[in-house]
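Asker: Sequence:
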Amino acid sequence: YRIETVDSAGNTSSYATADITTPSYNVNTTADSSTSETSADGLATATIPAGAVDNGADCSVGTATSDDNIDSKQRIVVGPYLLVCKDGTGNIVTTFNKPISWSFKVAGKLKGVHSPVGYIADDHGNVSPIKNSVYDAKANTVGFSSEATNAVLVIATITPPLPWNLIAIVLL
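Going by our numbering, the residue at position 68 of the sequence shown is 217; the numbering climbs one at a time, nothing skipped.
Wrong hints could be hidden among the right ones.
Said to hold, decoys possible - Computed list of lysine-lysine pairs in DSS-like fashion (alpha-carbon distance at most 30 Å, straight line):
#1 LYS235 with LYS260
#2 LYS260 with LYS222
#3 LYS254 with LYS280
#4 LYS254 with LYS222
#5 LYS280 with LYS258
#6 LYS235 with LYS222
#7 LYS280 with LYS247
#8 LYS280 with LYS235
#9 LYS287 with LYS254
#10 LYS247 with LYS222
#11 LYS247 with LYS287
#12 LYS222 with LYS258
What the hints assert, rightly or not - Ranges between beta-carbon positions, derived for each pair:
#13 SER264 with GLU296: 21 to 29 Å
#14 GLY159 with THR243: 35 to 43 Å
#15 TYR164 with ASP203: 39 to 47 Å
Everything labelled a hint here was simulated from the structure, so no lab data went into it.
All C-beta atoms in this analysis are idealised placements derived from N, C-alpha and C, irrespective of residue type, glycine included.
Using the sequences and the accompanying hints, generate a full structural model.
Answerer: So, in structure tokens, the structure goes:
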């Protein structure tokens, strides 16, 4: 790579060069076996079932950057995350043949909120709830399945504070 800087007057610097070495391609997902990939923070796990990809792929779960449009009465609990799979030629896998199972750890993340639900975010930051999303209060997890390759996240409803007039009535 060559990099050149230009200042506000249009003056340019000489080129700086750099060599970049990338790791070799590593198939961690095959068409005939199930694989689980977990985010670096350990909060999101995507399970890719056998048959979800046609050929081998290198998959990982990472954080996604998005400007999510959520209701003011809601808060993002965890995410957004993105499952990225690349085939042997470096192309991103854009469709899965079977749904990906997602599981999110929400322990310690639900203070001041309730009813956590899995959501999917489109490329414009618009979010939609996942219909089969399930909150397991004992395990402190939210899970769902989706064939989409969009970013996923968990959103919960903000718990409103108790109204002062109710507190006053109880005290009287």
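Asker: Indicate, hint by hint, whether the structure satisfies it.
Answerer: Cross-check of the supplied hints:
1. The hinted pair formed by LYS235 and LYS260 fails the criterion: a straight-line CA distance of about 37 Å is larger than 30 Å.
2. A threshold of 30 Å between alpha carbons decides the hint, and for LYS260 with LYS222 the separation of about 14 Å falls inside it, so the pair holds.
3. Our distance criterion of 30 Å between C-alpha atoms is met by LYS254 and LYS280, whose separation comes to about 19 Å.
4. With a C-alpha separation of about 22 Å, the suggested pair LYS254 and LYS222 falls inside the 30 Å cut-off, and the hint holds.
5. In summary, the hint linking LYS280 to LYS258 is supported, as the alpha carbons are separated by about 22 Å, within the 30 Å threshold.
6. Between LYS235 and LYS222 the CA atoms are separated by roughly 37 Å; this puts the pair beyond 30 Å, and the hint is violated.
7. Taking the CA atoms of LYS280 and LYS247, the gap is about 17 Å. The hint holds against a cut of 30 Å.
8. A threshold of 30 Å between alpha carbons decides the hint, and for LYS280 with LYS235 the separation of about 28 Å falls inside it, so the pair holds.
9. Distance restraint check for LYS287 and LYS254: the Cα-Cα separation of roughly 11 Å lies within the 30 Å cut-off, and the hinted pair is therefore satisfied.
10. Between LYS247 and LYS222 the CA atoms are separated by roughly 33 Å; this puts the pair beyond 30 Å, and the hint is violated.
11. Between LYS247 and LYS287 the alpha-carbon distance is near 28 Å, which keeps this suggested pair within the 30 Å criterion.
12. About 16 Å separates the Cα atoms of LYS222 and LYS258, which keeps this hinted pair within 30 Å; it holds.
13. Distance hint check: the CB atoms of SER264 and GLU296 are about 25 Å apart, consistent with the given range 21 to 29 Å.
14. In this structure the hint that GLY159 and THR243 lie 35 to 43 Å apart at CB holds, the actual value being about 41 Å.
15. The beta-carbon spacing between TYR164 and ASP203, approximately 42 Å, falls within the hinted interval of 39 to 47 Å.
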